[in-house]
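Student: Sequence:
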Amino acid sequence: MSDEISGAARSPVAQKSFEVAMKAMDQGDFKKAHSAFKKFVAEYTEDAEGWYYLAESGYYAAGMFGARVKDEEIIEAYTKAIELDGNRPEFYQSYGHFCIEAGKYDEAEKAYAEAVQIDSSLAASLYSEFAIDYFDNVMAKYGEIMEDPKARAPYAKKALMYMLKALELDPEEAKSLL
Numbered sequence: 003m004s005d006e007i008s009g010a011a012r013s014p015v016a017q018k019s020f021e022v023a024m025k026a027m028d029q030g031d032f033k034k035a036h037s038a039f040k041k042f043v044a045e046y047t048e049d050a051e052g053w054y055y056l057a058e059s060g061y062y063a064a065g066m067f068g069a070r071v072k073d074e075e076i077i078e079a080y081t082k083a084i085e086l087d088g089n090r091p092e093f094y095q096s097y098g099h100f101c102i103e104a105g106k107y108d109e110a111e112k113a114y115a116e117a118v119q120i121d122s123s124l125a126a127s128l129y130s131e132f133a134i135d136y137f138d139n140v141m142a143k144y145g146e147i148m149e150d151p152k153a154r155a156p157y158a159k160k161a162l163m164y165m166l167k168a169l170e171l172d173p174e175e176a177k178s179l180l
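Take the sequence shown: its letters are residues 3 to 180, numbered as in my numbering.
Errors might be hidden in some of the hints.
Stated by the list, open to error - FRET-style restraints, in silico, Cβ to Cβ: (1) Ala44 / Leu162: 43 to 49 Å; (2) Ser178 / Ala153: 26 to 32 Å; (3) Ser13 / Asp138: 27 to 33 Å; (4) Glu109 / Ala176: 26 to 32 Å; (5) Ser178 / Glu92: 32 to 38 Å.
In short, the hints are calculated from the structure, not lab data. Note that this is a predicted model, so its numbers are computed, not measured. Note that beta-carbon positions come from the ideal geometry of N, C-alpha and C, so glycine has one too.
All chains should be modelled from the sequences, with the hints used to inform the complete structure.
Tutor: Put into structure tokens, the structure is as follows:
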């Protein structure tokens, strides 16, 4: 078993294997891509992109095509990608998005915050994405309960606070504008 680093440091054999898996991903065959990335990371255990795409393909295969990929497996793959290359905001963003879908809101919030720490130029888009995806997910999961303004308030407040961060406004300034 060899340990490769992602991208330019891949051997030609590793790069070919990666490209085969990516081709399935690009064609929307997420089950095939997931199988290919599983084989890839088993052989190239230090390839952060391989782990990232294993997580992504698993997420899409399970969500869109009903593949039996456990949340824990996807979390493990995102976590390994981040462990191997913690300077990629897209790794944290994707992991955060997955966590929202899995109902792991605190973990999602941390992941989005990490992405902003890495690249603050993405703050507005990341904060607004978190706010909208978080609130939409909560509304979808808790349906009728969320029709009650008191039940909805803590979730709406968190989403609103992130929208204000995205706009670089504090609550008092927002109030004055309304």
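Student: Can you let me know if the beta-carbon spacing of Ser178 and Ala153 is within 26 to 32 Å?
Tutor: 28 Å, holds
Student: Measuring from beta carbon to beta carbon, are Ser178 and Glu92 in 32 to 38 Å?
Tutor: At 36 Å between Cβs, range holds.
Student: Check the following: the C-beta atoms of Glu109 and Ala176 are separated by a distance inside 26 to 32 Å.
Tutor: 27 Å, holds
Student: Looking only at beta-carbon atoms, does the pair Ala44, Leu162 fall within the given range of 43 to 49 Å?
Tutor: 44 Å, holds
Student: If I claimed the Cβ atoms of Ser13 and Asp138 lie 27 to 33 Å apart, would that claim hold in this structure?
Tutor: Violated, since Ser13 and Asp138 (Cβ atoms, about 43 Å apart) do not stay within the stated range.
Of the numbered hints listed earlier, the single one contradicted by the structure is hint 3.
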